[in-house]
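Participant: Listed below, chain by chain, are the residues.
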Amino acid sequence: MEVLDQGIGKLFTDPDPDHAREFFRKKSRKLSNKLMSLQKAVETLVHDGEYLAIGGFGANRAPIAACHEIVRQGKKNMGFAGHTSTHDFQILCAGEVFNRCDIAYIIGLEARGLSPNARKYMESGKVEVTEWTNYSLAARLKAAAMGVPYVPTRNVMGTDTFKYSAGKIVECPFTGQKLMLQPALYPDISVIHVHESDIFGNCHIRGITIADLELARASKKLIITCEKLIPNEEIRRDPSSTVIPFYLVDAVCEIPYGAYPGTMVYEYFSDEEHLKEWISVEKDPEKFKEFLKRNIYDCKDQAEYIEMHGGIIKMNELRMKEFLLHKEVDNA
Amino acid sequence: MEVLDQGIGKLFTDPDPDHAREFFRKKSRKLSNKLMSLQKAVETLVHDGEYLAIGGFGANRAPIAACHEIVRQGKKNMGFAGHTSTHDFQILCAGEVFNRCDIAYIIGLEARGLSPNARKYMESGKVEVTEWTNYSLAARLKAAAMGVPYVPTRNVMGTDTFKYSAGKIVECPFTGQKLMLQPALYPDISVIHVHESDIFGNCHIRGITIADLELARASKKLIITCEKLIPNEEIRRDPSSTVIPFYLVDAVCEIPYGAYPGTMVYEYFSDEEHLKEWISVEKDPEKFKEFLKRNIYDCKDQAEYIEMHGGIIKMNELRMKEFLLHKEVDNA
Amino acid sequence: MPNYNTMEMMVTAAARELEDGATTAVGTGAPCAAAMLAMKTKAPNLVIMFEAGGVSPILPEMPISVGDSRTTYKAIMASGMCEIMETCCRGFVDYVFLGGAQIDMYGNLNATRLGGGDHQKPKTRLPGSGGANDLASFCWRTMVITPQDKRRFVEKVDFITTPGWLQGGDSREKSGLPKGTGPYKIITNMGAMDFEPKSKRMRVISVNPGYSFKDIQDNCGFELLKADKIVNTEPPSDEELRILREEVDPYRYIIGR
Amino acid sequence: MPNYNTMEMMVTAAARELEDGATTAVGTGAPCAAAMLAMKTKAPNLVIMFEAGGVSPILPEMPISVGDSRTTYKAIMASGMCEIMETCCRGFVDYVFLGGAQIDMYGNLNATRLGGGDHQKPKTRLPGSGGANDLASFCWRTMVITPQDKRRFVEKVDFITTPGWLQGGDSREKSGLPKGTGPYKIITNMGAMDFEPKSKRMRVISVNPGYSFKDIQDNCGFELLKADKIVNTEPPSDEELRILREEVDPYRYIIGR
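Each protein sequence line maps, in turn, to chains A, B, C and D. Note that my numbering has the first sequence beginning at 1, numbered continuously upward. Note that my numbering has the second sequence beginning at 1001, numbered continuously upward. Note that my numbering has the third sequence beginning at 2001, numbered continuously upward. Note that my numbering has the fourth sequence beginning at 3001, numbered continuously upward.
The following block holds chain A by itself, in its conformation from the complex (with noise of 0.2 Å):
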């Protein structure tokens, strides 16, 4: 297959299904409990030095809760997948829990504006990095849960995106169109944070999915935080609300508020003041290592960080926020 171009970026995942196979020929496949404590979670799933990537879009159903363990744990030297990442980023950053990245959007917060201090770490030269698109990472998720070296697509070529990319650029034999193609992204270890789990890791997630179900289905080992566990009979009463099956997961934690201060849909909205003030204290080094002294490093686990926050009557403003019930409450 001749190559047309490619890119000078380094993959730093293999992308090889024949190995993933043999990987996940030995993957349990038994209806087991997997429940454990996110700590216990963190601490035998996730190493340093392997390729970490996070579920949700940034501020949106991330697992929030398990980042800050993660950097409460001190992981270092781990890949990452920076996927539509923004507030997990900025805390993954915090901790200097990576040392190399595949780029599709990072540092940003979307409306909310930059972090300063992603941005001085990304600066660094402390990252190694390979830059994709929103896209062209789902899609590398997309070939690895097919079970296939890579998928083409149509974006990112002509560009320096592309050049600074680890894809290639072929012709079509069917077409002679270019195609880029997107090798297959297996993470070593993934967290999700869904609405609901059984104690299998059979899970439902309500609204956007993101590129959530190809990630589940492309990872190596998979951490499943949720909202609220629910009894095995409930996913059995309508199997097909079920979007992450069991034998993809490796342990569930039962994390309630797992994504705040981002937003959960149909829980409860983000609250910006605090989403403010990491980007602010971050401005001052001083000012932000206490900050996260305070929030990540003595913070026993997320519930002891939303009592920090304001506890359920904040967490009650925020579902009002969510439902947008705060306007009808004002309207009446």
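Hints were generated in silico from the structure; no laboratory data involved. Cβ atoms here follow ideal geometry from the backbone N, Cα and C, with glycine treated the same way. Hints should not be assumed to be uniformly reliable.
Residues from chain D that face chain A, not an exhaustive set, calculated with beta carbons under 8 Å [unchecked claim]: (1) T3006; (2) S3069; (3) M3081; (4) C3082; (5) G3221.
Please arrange chains B, C and D on chain A, whose structure you already have, making use of the hints.
Facilitator: Chains B, C and D alone, transformed into the frame defined by chain A:
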């Protein structure tokens, strides 16, 4: 891109995504009322010579009413995607609707046996065939749905199924592995039967989706038949459940029991007696002619067909069977 | 006179191959009965998948179709064909059970046509691959359940629909199919065969009660290899028969054939 | 002194480009305000899509993120990123609105880094493509809303994150990107530009009230072409302003910038 090997089968459809894009560019995206009779939908959207695909899985959530209508209107010289096709195939063969066929599974009726008439038609030399597999055809639809000319897969290689396909084998530029390239399949017209749709074509499907989500996206024109129309508010109340969005759809036809005598999961089970009657009557060409006249050509529509086969009393029995309530009644 | 029939023997022998915690793709008929029997005996954690999308149902009865309502009854997931096939392709599925009109000494299966000549006007058209080619390509171990019969076990199949070891030796791996996959065992009414590791030729490893190696060879259209030690298949136990007859297939859809 | 600000002018001008029944991919900020204004004026059937998965919501307020709850409020569908991107790639989506730190005369956009040198240790790191490259590759017409400024409109962008007409002429089509796509219009606070059909160079087609072609050229780092007839942009009507201020952006998140 060096082709190591290629099938000798004919590619019945154009895999070029730029040609499909030109078509889709002109397709209306308006949220307009697409409700019409199935007769009108088939008259205006299904044309002689076009390439047809049918949703569902043979006798499971297949748009049987639409297959009858296509035969009743005497459509001819079509191409057909023989993908997990069983009772639908049997009906279309009875009408000699198509003269070329991509084959994954045809003439068989799973545990029910084989269709003698469909076999005869496929042995007659009247139908040009290219061989595929269930996943190959699903992957071809997926490629079309992705807007790319092919996706790679790892099946088919080394077999005669490959030899008589229109696939190509190349070497992966990332891993050196051999890959089967499945050319995109864009059907001209498809019909999918769903549980619920609004008048715009936003659809709910319960239970397995087979390859219908890919099919809906790959099809240039799409007729939806549904068990029940629902108000648009129902769609908007739970957007996570929409599996086919309106802009893919050209016609919406409300056909209660539209999958009869096949199964519609959570609604009614298959009518095994009537399906047996089909196989048995096919053995006698004269009887079969009369059977087709009565059940299809002289039958106005699905409602009349249902009436002919036991009406609401029979449908209630099949509903009992679907929910295994007949066993509970027997045991009580 | 044994207290079981040949179908009961085959289903029981197939069920015994499935270890607890394994995954298997199943079709209708004997494979499904074998999976159900396995789950009710030694493999309660067996995960079964149907190619149309059903995952791990609590099967209330035999499905008529791999896509009918029974395949998602109280299931873990009702998905789609790509989901199942790609799960197999990712290496998550250990077994698949297949049949076919013809099988050769390398375990290649024909389900497309009988007779040579013009493919566009075949002498006897068969259904085609369905998902068989896919599952035999992707799943780690392909199992075949089929009656022992000279017309089925042929020197050369008229059409390789579904890959076995292809032309034997390393031809399968060279073809590009996923590494480490291939035919594992063939279960017939007379015994069981595996494949000699180097040549990949079919080899008898066990004979069922009442049959000998010679019976198997006499009902096979090509020369069979012999394992160093051919074992005698244990007949179905009373408990296996009870479960099979009372719980798995009370209406004798399969075991009554 | 006009009764509107420059952001109100840009949003209004962008909204007018969207015809009824069109589809558009939108981000947060000005593009979203423009789509909302269009739907409330001339294009009630505009279909809006967010790259994270939301399709046709009834937006109750401006989203903060293209993936937040507002993007699926009473929506037609809550899907995923592949669904949206592939719908664009199939040719279903007419418009996309983008921005960028730098834009060149061929409409190429930079959102990756400022300054040359070592890509692994950039002078100023920017967020990267996000979905911009994808949407500009797939959607038929790329629209850019950006302030007119010499540091933004540069001779050569430091990094082509997102494809415009690349090196002009037929270079975009030759690159392999889908046929018939490309930058359509650039909307700034001072006027609007399109691209000369053959050379694909940026060309002024209209000027906003209070500005001249010279103002635009003076605030642009490369030579602009001039359309045969440069029209004067109609200022926002009272009705457009009322809807924009009262219904689209009552908290002035965008138009207050």
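Participant: Indicate, hint by hint, whether the structure satisfies it.
Facilitator: Do the hints match the structure? See the list:
1. T3006: Violated. Min distance 19 Å.
2. S3069: Holds, about 5 Å.
3. M3081: With Cβ-Cβ at 5 Å, under 8 Å, it holds.
4. C3082: It holds, given that the least Cβ distance between D/C3082 and chain A is near 5 Å, below 8 Å.
5. G3221: Because about 19 Å separates D/G3221 from the closest Cβ in chain A, which is outside the 8 Å limit, the hint is violated.
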